[in-house]
Amino acid sequence: NAGVMQNPRHLVRRRGQEARLRCSPMKGHSHVYWYRQLPEEGLKFMVYLQKENIIDESGMPKERFSAEFPKEGPSILRIQQVVRGDSAAYFCASSPPGGNQPQHFGDGTRLSIL
Amino acid sequence: SQQGEEDPQALSIQEGENATMNCSYKTSINNLQWYRQNSGRGLVHLILIRSNEREKHSGRLRVTLDTSKKSSSLLITASRAADTASYFCATGDQGGSEKLVFGKGTKLTVNP
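Line order of the protein sequences matches chains P and Y.
Residue 1 is where the first sequence starts when you use our numbering, and the numbers rise one by one after that.
Residue 1001 is where the second sequence starts when you use our numbering, and the numbers rise one by one after that.
Next comes chain P alone, as it looks inside the complex (with noise of 0.2 Å):
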């Protein structure tokens, strides 16, 4: 039974490159969203998406910053044009259908920007 599954899970980016980051919901989840952590802090809520639908993107960055979950594969968390302040981890969580439900998180991407 196979939780949420994030790749990769280190990615190492130069100034001005493109990320994509995956996830795989957990099965029979319908609800994925992203958070980004910086050291120390607590996670801040990026994206909620269900299969072909942005449901609340109220925290994502206004420019290059996009995602999407397709009606088949992974969801995809993508930043264009990096910077050094987009270091951080990224976690991606998965709920069932139906409101208040917990979320199952994976074990995150950590994004570096050289």
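No lab work stands behind these hints: they were computed from the structure.
Every residue, glycine too, gets a C-beta built ideally from N, C-alpha and C.
One thing to keep in mind: the hints can contain errors.
[As the list claims (entries may be wrong)] Counterexamples of contact, computed for chain Y against chain P with all Cβ distances above 10 Å:
no., residue
1, PRO1008
2, LEU1011
3, ILE1013
4, GLU1017
5, ALA1019
6, THR1020
7, ASN1031
8, HIS1045
9, GLU1055
10, LYS1056
11, THR1067
12, LYS1069
13, LYS1070
14, ALA1085
15, VAL1110
[To be verified] Here are the simulated DSBU-like pairs of lysine-lysine, each with C-alpha atoms no more than 30 Å apart in a straight line:
no., chain 1, residue 1, chain 2, residue 2
16, P, LYS71, P, LYS44
17, P, LYS44, Y, LYS1069
18, Y, LYS1026, P, LYS62
19, P, LYS44, Y, LYS1026
20, Y, LYS1104, P, LYS62
Add chain Y to chain P, keeping to what the hints say.
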């Protein structure tokens, strides 16, 4: 904006002692969840307590929720060295989105 605020920020105890962590929040909530995070790892879900519940147990964990005071507590009884981790509370608000708002966490150290 910060919703959950854990207290204390850091806690160091001896194995076998109980550990209590508190969380305060600001807005109306649907539920409050507690998570554990070991260094360099993802978050592990511990307990979800709904706004109409007052207390919940899971093994050595006990969570209380006081919606009138907008606060929750997590009690770990008979602590073990393996309980060493950061503990976060997260609130799911009533705004319609399922997003969670996290506090900065309590770093718990259990000394053998």
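Taking the hints in turn, this is what the structure says about them:
1. At roughly 15 Å from the closest C-beta of chain P, the C-beta of PRO1008 (chain Y) stays outside 10 Å, upholding its exclusion from the interface.
2. The claim that LEU1011 (chain Y) lies off the interface holds: its Cβ sits roughly 15 Å from the closest Cβ of chain P, which is beyond the 10 Å cut-off.
3. Distance to chain P confirms ILE1013 (chain Y) as a non-interface residue, since its nearest Cβ pair spans about 21 Å, more than 10 Å.
4. With a least CB separation of 25 Å from chain P, GLU1017 (chain Y) remains clear of the 10 Å interface cut-off, as annotated.
5. A cut-off of 10 Å between C-beta atoms confirms that ALA1019 (chain Y) is not in contact with chain P; the least separation is 19 Å.
6. With a minimum CB-CB distance of about 19 Å to chain P, THR1020 (chain Y) clears the 10 Å threshold, and the non-interface call stands.
7. For ASN1031 (chain Y), the shortest C-beta to C-beta distance to chain P comes to about 5 Å, within the 10 Å cut-off, and the non-interface label is violated.
8. The Cβ of HIS1045 (chain Y) does not lie farther than 10 Å from every Cβ of chain P; its closest approach is about 5 Å, which violates its non-interface assignment.
9. Residue placement check: GLU1055 (chain Y) keeps its beta carbon more than 10 Å from all beta carbons of chain P (closest about 17 Å).
10. Its beta-carbon lying about 12 Å from the closest one in chain P, LYS1056 (chain Y) satisfies the requirement of being farther than 10 Å from that chain.
11. Distance to chain P confirms THR1067 (chain Y) as a non-interface residue, since its nearest Cβ pair spans about 15 Å, more than 10 Å.
12. Every C-beta of chain P lies more than 10 Å from that of LYS1069 (chain Y), the closest at about 21 Å, which supports listing it as non-interface.
13. The beta carbon of LYS1070 (chain Y) is kept farther than 10 Å from every beta carbon of chain P, the shortest such distance being approximately 17 Å.
14. At roughly 14 Å from the closest C-beta of chain P, the C-beta of ALA1085 (chain Y) stays outside 10 Å, upholding its exclusion from the interface.
15. No Cβ of chain P approaches the Cβ of VAL1110 (chain Y) within 10 Å, the least distance being about 20 Å, so the stated non-interface status holds.
16. In summary, the hint linking LYS71 (chain P) to LYS44 (chain P) is supported, as the alpha carbons are separated by about 26 Å, within the 30 Å threshold.
17. Proposed proximity of LYS44 (chain P) and LYS1069 (chain Y) is supported: the alpha carbons are some 24 Å apart, at most 30 Å.
18. Among the hinted pairs, LYS1026 (chain Y) with LYS62 (chain P) is consistent with the structure: their alpha-carbon atoms are about 26 Å apart, no more than 30 Å.
19. The suggested pairing of LYS44 (chain P) with LYS1026 (chain Y) holds, with an alpha-carbon distance near 16 Å, which does not exceed 30 Å.
20. Restraint check for LYS1104 (chain Y) and LYS62 (chain P): satisfied, since their Cα atoms lie roughly 24 Å apart, inside the 30 Å limit.
Of the numbered hints stated above, those contradicted by the structure are hints 7 and 8, listed in ascending order.
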